[in-house]
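Undergrad: As you go down the protein sequences, you meet chains A and B in turn. All you need for the working numbering is the position in the first sequence, starting with 1, plus 3. All you need for the working numbering is the position in the second sequence, starting with 1, plus 3.
Honestly, the hints are just simulated from the structure, not real lab data. Do not take every clue at face value.
Which copy? The list can't say, so a pair holds if one copy fits it or any two copies do.
Derived BS3-like pairs (lysine-lysine); straight-line CA-CA distance at most 30 Å [unchecked claim]:
1) K243 to K264
2) K135 to K243
3) K264 to K9
4) K202 to K168
5) K135 to K172
6) K14 to K262
7) K36 to K135
8) K86 to K36
9) K9 to K86
10) K36 to K243
11) K172 to K202
12) K135 to K168
13) K44 to K14
14) K44 to K264
Number of protein chains: 2
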Amino acid sequence: MQKLRKLIAEKSCNICVGLDPFVELFPTELDTKNVGEAIIKFNRAIITAVADIVPVVKPQIAFYEQYGIAGMQAFADACQFSKENGLYVIADAKRGDIGSTAAGYAKAFLTDGGFDCDAVTVNGYLGTDGIKPFLDTGRDIFVLAKTSNPSGGELQSLTLESGEKVYEKMTELIHSWGENAGAVVGATYPSELAGVCEKYPDMMLLIPGYGAQGGTGADIAVARNQSVVNSSRGILYAEKDRAKSLDEFAAAAREAVVKMKADLN
Amino acid sequence: MQKLRKLIAEKSCNICVGLDPFVELFPTELDTKNVGEAIIKFNRAIITAVADIVPVVKPQIAFYEQYGIAGMQAFADACQFSKENGLYVIADAKRGDIGSTAAGYAKAFLTDGGFDCDAVTVNGYLGTDGIKPFLDTGRDIFVLAKTSNPSGGELQSLTLESGEKVYEKMTELIHSWGENAGAVVGATYPSELAGVCEKYPDMMLLIPGYGAQGGTGADIAVARNQSVVNSSRGILYAEKDRAKSLDEFAAAAREAVVKMKADLN
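When you get a sec, could you build the whole thing from the sequences and use the hints?
TA: Here's what the structure looks like:
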């Protein structure tokens with residue numbers, strides 16, 4: 004997590020811009036019939052507009068995979084173009100599998116030969132042997148602990164016979180995986196977030212759920228010194244008038260980052 | 004799961020061939036410098052050799068993603084060529100995310116516009132709202148319950164205050180998601196598998212861990228009428244002499260399926 008911590012300090016900013024393409028919200032000047040090209044143009048405009056003031060971007064791979072090969076080419080471009088612009092790139096892929104398969108995912112996301120990201124989000128349901136291949140690359144992972152969605156608690160908030168919740172046990176496992184393993188804890192569960200921060204003040208957290216999902220700056224203030232806070236739609240589509248130009252969308256995205264930074268501080 | 008049950012009955016076979024490309028095990032006649040093309044040729048030979056005797060194939064997407072775009076093109080080909088050959092296709096992707104993102108994955112794997120598979124494997128750690136978008140497609144999912152790997156128990160086998168294990172609670176959730184939701188239970192945990200079969204005799208199970216991972220026909224006999232049993236390396240690389248031809252690899256794969264069928268019955 005050293006590269007991430009350094010960038011956060013340099014830019015005095017812990018905002019992560021979620022690169023989630025919703026083509027139905029794109030400016031109409033982009034030809035979304037050629038969907039891969041449209042996404043590439045949109046992302047590059049956003050990345051160029053915010054690269055000097057944010058440390059991190061996080062493309063969510065589902066929004067690319069849904070367009071098949073053209074989408075995956077746009078995903079690869081998002082990763083590469085962000086890297087070229089000095090950003091730390093988190094592939095939000097929530098992968099998790101048994102050892103030999105996890106090694107394939109690790110190669111896919113965390114090596115030069117694959118999508119070459121700095122970190123990938125991982126689901127820890129399969130335990131340590133599904134995690135180790137990622138850590139063996141020397142790069143970072145963010146493992147789901149308490150997710151931001153309404154149903155997240157169905158399993159995560161159950162109480163174990165030890166008295167811990169399932170997500171607390173998961174967080175304990177994540178902590179045992181070392182400095183390069185961070186936890187995903189949703190902004191929509193502020194008391195759980197506070198508990199994690201208190202127990203593990205040095206663990207890096209990736210916090211989704213700010214903005215569109217309902218989390219506020221106050222909800223996550225407790226994690227200010229150990230987290231990156233993601234916002235996707237609130238930044239990318241701050242400009243809602245599709246008749247505006249791509250340049251105007253990019254300018255609105257930058258302005259949204261500035262506002263979010265003020266809210267977080 | 005109707006299509007799957009019908010194919011299993013028609014072929015009197017519940018074997019799933021795991022299409023996991025390990026290029027270092029391919030016959031040397033395939034030029035693995037052009038890795039995408041090599042995987043496509045290998046898969047097509049295997050699929051052609053076994054399509055009339057097995058009902059299901061399961062490409063594990065990690066082994067394709069690791070080769071970037073060329074790998075994903077080979078993944079798309081594996082899905083499409085299998086479908087053309089009358090097979091039920093499970094995308095082994097273990098996806099799982101919050102609602103809007105899960106909808107992206109559902110579109111990616113379970114619609115005509117995406118990779119167009121019959122089913123996808125899913126991680127249920129995020130609960131119902133991460134599952135529903137998949138079921139809304141009308142196609143099938145297999146949700147991780149008790150995975151086949153050694154560390155699987157670190158979280159899955161913990162006891163809740165209710166007395167249930169975490170994987171048992173997960174299985175209960177899966178059952179609540181209806182007929183199109185099956186569970187993944189590893190052949191390497193036969194007593195847990197027997198427990199799931201006893202409690203949910205109508206639930207379709209996907210059983211990994213047979214063969215290379217140590218599971219035997221006897222271990223999984225209890226699930227014979229409600230499962231598909233996956234084997235990957237034991238079938239694809241039954242021929243170990245890389246100097247042999249692709250045709251010989253395919254013939255050995257078919258022979259391995261016949262042997263496995265005998266072991267299962």
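Undergrad: None of the hints should be skipped; say for each whether it holds.
TA: Right, here's what the structure says about each hint:
1. K243 to K264: Answer is within; shortest intra-copy Cα gap is 20 Å, inter-copy 58 Å.
2. K135 to K243: For K135 and K243, the Cα distance is within 30 Å only across copies (28 Å; inside one copy 43 Å).
3. K264 to K9: Answer is within; shortest intra-copy Cα gap is 18 Å, inter-copy 56 Å.
4. K202 to K168: Cα proximity of K202 and K168: in one copy and across copies (14 Å, 25 Å).
5. K135 to K172: both (18 Å within a copy, 26 Å between copies)
6. K14 to K262: Answer is within; shortest intra-copy Cα gap is 15 Å, inter-copy 62 Å.
7. K36 to K135: between (41 Å within a copy, 28 Å between copies)
8. K86 to K36: Result: close both inside a copy and across copies, 27 Å intra and 27 Å inter.
9. K9 to K86: within (15 Å within a copy, 49 Å between copies)
10. K36 to K243: within (20 Å within a copy, 47 Å between copies)
11. K172 to K202: Both. Shortest intra-copy (12 Å) and inter-copy (27 Å) distances satisfy the 30 Å Cα cut-off.
12. K135 to K168: both (24 Å within a copy, 24 Å between copies)
13. K44 to K14: Classified as within: same-chain Cα gap 25 Å, cross-chain 49 Å, threshold 30 Å.
14. K44 to K264: Intra 25 Å, inter 52 Å, cutoff 30 Å: intra-copy only.
In summary, this structure violates none of the numbered hints.
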